[in-house]
Amino acid sequence: MHEYSIVGSLIDRVQQEAALHGGTRVHRLHVKIGELSGVEVALLRTAFDTFRERTICEGAELAIDSVVAVWACPRCDRVIARGAVLRCDTCGRPARMIHGDEIILERIEMEAPDV
Amino acid sequence: MCETCGCGDPEIVPVEVQERILSDNDAQAAHNRSHFESLGVLAINLMGSPGAGKTAVLEATVRAAGATLRLGAVSGDLATDRDADRLNAAGIQSSTITTGSACHLDARLVHHALHHAPCGDCDMFFIENVGNLVCPAIYDLGQAANVVALSVTEGEDKPLKYPVMFQKSDLVLLTKIDLIPHLDFDVDAVEDALARVMPDAKMLKVSAKTGEGIDAWLEWLEARRPARRPDAESLAHHEHHHHPHGHSHEHH
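If you read the protein sequences in the order shown, they are chains A and B.
Letter 56 of the first sequence, counting from 1, is numbered 56 in my numbering, and no numbers are missing.
Letter 240 of the second sequence, counting from 1, is numbered 240 in my numbering, and no numbers are missing.
Don't take each hint at face value.
Quick list of the computed label-pair ranges, beta carbon to beta carbon [stated by the list, open to error]: (1) His112(B) to Arg75(A): 39 to 47 angstroms; (2) Asp81(B) to Arg75(A): 18 to 26 angstroms; (3) Asp188(B) to Ile98(A): 27 to 35 angstroms; (4) Ala216(B) to Thr55(A): 48 to 56 angstroms; (5) Ile98(A) to Gly66(B): 37 to 45 angstroms; (6) Gly100(B) to Arg82(A): 49 to 57 angstroms; (7) Ala223(B) to Arg93(A): 18 to 26 angstroms; (8) Asp89(A) to Ala223(B): 25 to 33 angstroms.
The hints are simulated quantities; they were obtained by calculation from the structure and are not laboratory data.
Idealized CB from N, CA, C, for every residue including glycine.
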C-alpha cells in the first residue's frame, strides 16, 4: 500500500504550491498515472479520500489521467505489440518505454484571491 | 480565472506543476547515489518476495568472495533484526532498517541508515529491501542496479504477474535451483515471461545452498564496480557535504 505514502508526498507538494501562490483552498488536482508506474488508481483514490481530510486538499477532487504503457524500438520506432517480447523483431534492440510509467502531478486548481 | 471546467470563477487559478510526485524521494536518491559513487562503492538494491532467498544469496556471496571483497548491507525488515543478524554472522557488516508497517524502503530511510552505518570501507553495499514484489519497485534508493531474487518455488509466471518489479530490474537471480529436480519448474517458461516484461532481460541461475552460479553473479557484480577513489576511506570518515534538507555534518 505505497499509495498512502504517494498521497502523503502529493499533499505535501500541493501545500508547498499553495503557500507559494497564496492558495486558500484546492478545488481539483490533475495527476497522470501510468499503467506500469506501480500505482493502483483505485487505491490512490482511497488513499486520497482518507488523507485529504483536514489538509488544504479537503473536499478537493482528484482527476486521474491514466496512461497506457507503450513500448517501441529505440532505433526504428516500431511499436511492440502488447504482451510481446520486448525486443524489436527487425533491429534486435531492447525496447524502450515510450510512456506508461508516469506518476506526475500536472496541475492544481486552487482558490487564490490575491493572484 | 477558472478555465478548466468553464465555471469562470475569478478566484480559481490553475497552477502548472508537471513534476513527479516522488520528486523529493528522487532528490534524496540522487544524493545517496553521489555518496556511493564518490566513495567508489557498488550499491545494489536487492528485491524479491518474502522467502525468495535474498539473505541466503548474500550469505553465499560472502562465502565465495569474503576473502577478497569487503561487503556491507542494510536490511529492510518490518519487525526484526534477523536478516542483519544472519548477515553479520556470515561476515557482512550489516544493520537493519525497521520499517514498522511500511512495505518498502525509500531513499530517506536508506540515507538515515548510512549515517549510522557508513559504507565507505565497503567494496559492495547491498540494500536488502522489504520482501515484496510490488511497492519497492517504484522508490529509487540511489543504487547502481536493481536485482530481483525469484525462487523456483514461486512459479514461472511471477514476472507476468508483477511486471513493474521485473521491468525495473537490471538482473534477475533465479534462486534455489538445487530444488528444480523436485519440482515441475520450467526454466524456459520463466525466461520467456521475463522477456515480455523486462527489456534486455538478464537472468542468472543460482543456488545459495550448493554455490552453483555464484561465480557468475560475482562476475556480474565485479563488472559494475566503479573505480575506487584512492581517498575514499578518508572521505568515508571525514566527509563534509551539503544535504538537501539543509544541513552539513561529519560522517562517522
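These are the hints, each one checked on the structure:
| no. | hint | verdict |
| --- | --- | --- |
| 1 | His112(B) to Arg75(A): 39 to 47 angstroms | 42 angstroms, holds |
| 2 | Asp81(B) to Arg75(A): 18 to 26 angstroms | 49 angstroms, violated |
| 3 | Asp188(B) to Ile98(A): 27 to 35 angstroms | 29 angstroms, holds |
| 4 | Ala216(B) to Thr55(A): 48 to 56 angstroms | 51 angstroms, holds |
| 5 | Ile98(A) to Gly66(B): 37 to 45 angstroms | 44 angstroms, holds |
| 6 | Gly100(B) to Arg82(A): 49 to 57 angstroms | 38 angstroms, violated |
| 7 | Ala223(B) to Arg93(A): 18 to 26 angstroms | 21 angstroms, holds |
| 8 | Asp89(A) to Ala223(B): 25 to 33 angstroms | 29 angstroms, holds |
This entry does not satisfy hints 2, 6, going by the numbered hints stated previously.
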